[in-house]
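Participant: Protein sequences appear in the order of chains P and U.
Note that my numbering has the first sequence beginning at 1, numbered continuously upward.
Note that my numbering has the second sequence beginning at 154, numbered continuously upward.
By construction, these hints were calculated from the structure, which means they are not laboratory data.
Among the hints, a few may not be true.
What the hints assert, rightly or not - Think about it this way: if two alpha-carbon atoms lie no more than 25 Å apart in a straight line, the pair counts; the simulated DMTMM-like pairs of lysine to aspartate or glutamate are: (1) K163(U) with E257(U); (2) K155(U) with E132(P); (3) K220(U) with D91(P); (4) K163(U) with E258(U); (5) K144(P) with E235(U); (6) K220(U) with E132(P); (7) K160(U) with E258(U); (8) K220(U) with D110(P); (9) K163(U) with D223(U); (10) K144(P) with E132(P); (11) K220(U) with D180(U); (12) K163(U) with E192(U).
Said to hold, decoys possible - Partner residues are not named here, just some residues of chain U that face chain P (Cβ under 10 Å, in silico): (13) L170; (14) V179; (15) D208; (16) G224; (17) R234; (18) V237; (19) L263.
Just so it is clear, CB atoms sit at the ideal spot from N, CA and C, and this is done for glycine as well.
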Amino acid sequence: MQANRIHLTIDSNLADVFLVGLLINSACRFLGLDETEAYQMELCVVEAVNNTIRHAYRGQAGHEVAVSAAISPDRLEFSVRDRGSPISEDDLAVLRREASATDCDPFALDQLPEGGMGLEIMREVMDQVDYESRGGVNCLRMTKRIPFPVLEA
Amino acid sequence: MKIEANKAGKILVIRILEARFGADAVDSFNQQVLPLIREGNPAILLDLSEVNFLDSSGLAAMVTCLKAQDGSGHLAVCGVRESVASLFRLTRMDRILRFFPTSEEGVAALS
Numbered sequence: 001m002q003a004n005r006i007h008l009t010i011d012s013n014l015a016d017v018f019l020v021g022l023l024i025n026s027a028c029r030f031l032g033l034d035e036t037e038a039y040q041m042e043l044c045v046v047e048a049v050n051n052t053i054r055h056a057y058r059g060q061a062g063h064e065v066a067v068s069a070a071i072s073p074d075r076l077e078f079s080v081r082d083r084g085s086p087i088s089e090d091d092l093a094v095l096r097r098e099a100s101a102t103d104c105d106p107f108a109l110d111q112l113p114e115g116g117m118g119l120e121i122m123r124e125v126m127d128q129v130d131y132e133s134r135g136g137v138n139c140l141r142m143t144k145r146i147p148f149p150v151l152e153a
Numbered sequence: 154m155k156i157e158a159n160k161a162g163k164i165l166v167i168r169i170l171e172a173r174f175g176a177d178a179v180d181s182f183n184q185q186v187l188p189l190i191r192e193g194n195p196a197i198l199l200d201l202s203e204v205n206f207l208d209s210s211g212l213a214a215m216v217t218c219l220k221a222q223d224g225s226g227h228l229a230v231c232g233v234r235e236s237v238a239s240l241f242r243l244t245r246m247d248r249i250l251r252f253f254p255t256s257e258e259g260v261a262a263l264s
């Protein structure tokens, strides 16, 4: 199925991540998603890029983070690529639904999560989240099945 | 990050004056808000009415505030738009914080 694609590259700097978010949100709104749906697509991509900067590149600027979006009539696919450290086994367990940071006792203050929620958000919002590390390149791929009448004409 | 802090009786209302509360704003938020908690403001109402983007890092900053209160205070949130409210539900943080439509309603309920 034909897809329209956009490729963006930013430096691994948290201060630049909003630019990716704004573009994803604007594209989603143009395609007919409502405010909450567009926010959630933006949120997932921003969380993925934040994770890449913080963990793959350990918060260091000066590295490339590549974001791609593919828009098909029945789905949105996002990918975030880097050449940093692969995600940990603990994080992979979150993606496989074998672990959770937010499944805690709400009355136990010390159990409340101060991190690790990004992957859970992606897992909950998206229909599919895959991670691959091959040849020094890490790629997180997210798919949301959602019809775009504007593209079906 | 620009914030505005005003006392309404015993409640400290902290209004975020930015459209985005994301990972790049967290250090600035913590540097401004944690001292206010340590100064002895046990009841805090965080006004998010200007915020149209919040991510898990912003959410984590709120958890840091809760922990800084050490179980002896209140942290409530007001003015959350529907899109941003979905993040509180996705992360189950809606079980932990109290929500009010406006700062006026929040102040009245917490006072």
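Participant: Does each hint hold? Answer for all of them.
Facilitator: Hints and how they fare:
1. The straight-line distance between the Cα atoms of K163(U) and E257(U) is roughly 13 Å, inside the 25 Å bound, and the hint therefore holds.
2. Simply put, K155(U) and E132(P) have alpha-carbon atoms about 39 Å apart, too far for the 25 Å limit, and the pair is violated.
3. Between K220(U) and D91(P) the alpha-carbon distance is near 24 Å, which keeps this suggested pair within the 25 Å criterion.
4. Proximity of K163(U) to E258(U) is assessed by CA-CA distance (about 14 Å); at most 25 Å being required, the pair is judged to hold.
5. With a CA separation close to 20 Å, the supplied pair K144(P) and E235(U) stays within the 25 Å bound.
6. A threshold of 25 Å between alpha carbons decides the hint, and for K220(U) with E132(P) the separation of about 36 Å lies outside it, so the pair is violated.
7. At roughly 15 Å between alpha-carbon atoms, K160(U) and E258(U) fall within 25 Å of each other, so this suggested pair holds.
8. About 7 Å separates the Cα atoms of K220(U) and D110(P), which keeps this hinted pair within 25 Å; it holds.
9. With a C-alpha separation of about 18 Å, the suggested pair K163(U) and D223(U) falls inside the 25 Å cut-off, and the hint holds.
10. Under the criterion of a C-alpha separation no larger than 25 Å, the hint pairing K144(P) with E132(P) is consistent with the structure, at around 18 Å.
11. The straight-line distance between the Cα atoms of K220(U) and D180(U) is roughly 16 Å, inside the 25 Å bound, and the hint therefore holds.
12. Restraint check for K163(U) and E192(U): the C-alpha separation of about 13 Å stays at or below 25 Å, so the hint holds.
13. A distance limit of 10 Å between C-beta atoms decides the matter here; for L170(U) the minimum to chain P is near 16 Å, and the interface restraint is violated.
14. Checking V179(U) against chain P: minimum C-beta separation of about 9 Å stays under 10 Å; hint holds.
15. Using the Cβ-Cβ criterion of 10 Å, the hint placing D208(U) at the interface with chain P is satisfied: the shortest such distance is roughly 5 Å.
16. For G224(U), the interface hint holds, since its Cβ comes within 10 Å of a Cβ in chain P; the closest pair sits about 5 Å apart.
17. Look at R234(U): its Cβ gets to within about 8 Å of chain P, closer than 10 Å, so that hint holds up.
18. Taking 10 Å as the C-beta contact cut-off toward chain P, the hint placing V237(U) at the interface holds, the least distance being around 7 Å.
19. A cut of 10 Å between beta carbons decides the hint on L263(U): the least distance to chain P is about 19 Å, and the hint is violated.
Checked against the numbered hints above, the structure breaks hints 2, 6, 13, 19 and satisfies the rest.
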